[in-house]
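Trainee: Turn these sequences into a full structure, and let the hints guide you.
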Amino acid sequence: GAVVSQHPSWVICKSGTSVKIECRSLDFQATTMFWYRQFPKQSLMLMATSNEGSKATYEQGVEKDKFLINHASLTLSTLTVTSAHPEDSSFYICSARPGGYDQPQHFGDGTRLSIL
Amino acid sequence: AQSVTQPDIHITVSEGASLELRCNYSYGATPYLFWYVQSPGQGLQLLLKYFSGDTLVQGIKGFEAEFKRSQSSFNLRKPSVHWSDAAEYFCAVGPMYSGGGADGLTFGKGTHLIIQP
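Listed in order, the protein sequences are those of chains G and H.
If you read the first sequence in my numbering, its first letter stands for residue 4, the second for the next number, and so on.
If you read the second sequence in my numbering, its first letter stands for residue 385, the second for the next number, and so on.
In case anyone wonders, no lab produced these hints; they're calculated from the structure.
Honestly, I wouldn't trust all of these hints.
[Claimed, not checked] Below, a list of computed lysine-lysine pairs in the DSSO-like style, where the Cα atoms sit at most 30 Å apart: (1) G:Lys-23 x H:Lys-493; (2) H:Lys-445 x G:Lys-44; (3) G:Lys-44 x G:Lys-67; (4) G:Lys-69 x H:Lys-493.
[To be verified] Listing some non-contacts, in silico: residues in chain G with all C-beta distances to chain H over 10 Å: (5) Pro-11; (6) Gly-56; (7) Glu-90; (8) Asp-91.
[To be verified] Quick look at which bits of chain G chain H covers, simulated, 3 or more residues with Cβ under 8 Å: (9) 45-52; (10) 100-113.
Owing to the predicted nature of the structure, the values given are computational and were not obtained by experimental measurement.
Don't be surprised by glycine CBs; every beta carbon is placed ideally from N, CA and C.
Mentor: Right, here's the structure in full:
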């Protein structure tokens with residue numbers, strides 16, 4: 004149980020294009036979903052928290068207009084990297100939580116984004 | 385602000401030997417504590433969690449962790465490691481009160497576990 008699917012797993016695109024990453028909870032409803040970014044051999048850094056039907060809450064230093072988050076349903080959140088540039092290349096991981104703070108987050112397998 | 389310290393960047397253990405991965409945290413209230421494991425190029429898998437109650441928690445794959453409030457620690461242990469345990473291990477604390485309403489997890493930098501045959 005508690006499976007989170009993230010798609011695509013790897014994307015390569017040209018600088019200036021926009022890329023959409025999907026995060027789905029397959030067997031539970033996720034009231035809250037999270038987006039993290041991980042640089043090579045480093046830890047995960049929280050980018051934003053999204054609750055279904057409301058605006059995402061971004062961490063300090065994360066550009067809202069560059070990283071658009073939509074949490075349209077209790078099983079789907081999307082992260083769109085707009086006008087991507089090489090410095091946006093990274094490993095992006097989503098997680099979903101079925102309830103409040105006393106529930107663990109379940110993570111997707113991540114998306115490796117490479118901007119040429 | 386909350387923080388998590390994993391003092392060991394790399395640990396090498398012989399297969400069959402015991403393992404302990406250290407984790408210390410700084411948190412302004414009673415924390416929720418987690419250990420996750422990450423294989424190369426993969427997402428994170430939850431090994432175990434502590435919310436309240438018994439300070440010794442059992443997880444999957446034979447792992448356990450002990451919450452010690454006086455030491456602000458949540459060390460991960462396994463009595464006998466297997467080659468398949470080689471991976472990156474992350475300790476995390478939550479929720480994260482950043483003032484903006486976000487409540488994600490704060491992760492340590494990770495410990496890379498190497499298993500020697």
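Trainee: If a hint holds in the structure, say so; if it does not, say that too.
Mentor: Right, here's what the structure says about each hint:
Simply put, Lys-23 of chain G and Lys-493 of chain H have alpha-carbon atoms about 27 Å apart, close enough for the 30 Å limit, and the pair holds. Simply put, Lys-445 of chain H and Lys-44 of chain G have alpha-carbon atoms about 24 Å apart, close enough for the 30 Å limit, and the pair holds. Straight-line distance between C-alpha atoms of Lys-44 of chain G and Lys-67 of chain G comes to about 25 Å, which keeps the hinted pair within the 30 Å bound. For a cut-off of 30 Å, the pair hint linking Lys-69 of chain G to Lys-493 of chain H stands: about 26 Å separates their Cα positions.
Non-interface status of Pro-11 of chain G relative to chain H is upheld: no Cβ of that chain comes within 10 Å, the nearest being about 13 Å off. Against the 10 Å criterion, Gly-56 of chain G stays outside the reach of chain H, whose nearest CB is about 15 Å from its own CB. Residue-level check passed: Glu-90 of chain G sits 21 Å from the nearest beta carbon of chain H, beyond 10 Å. Against the 10 Å criterion, Asp-91 of chain G stays outside the reach of chain H, whose nearest CB is about 19 Å from its own CB.
Three residues within the 8 Å Cβ limit are the bar, and the stretch 45-52 of chain G against chain H gives 7, so the coverage statement holds. With 9 residues having a beta carbon nearer than 8 Å to a beta carbon of chain H, the stretch 100-113 of chain G meets the requirement of three or more and the stated coverage holds.
Checked against the numbered hints given earlier, this structure breaks none of them.
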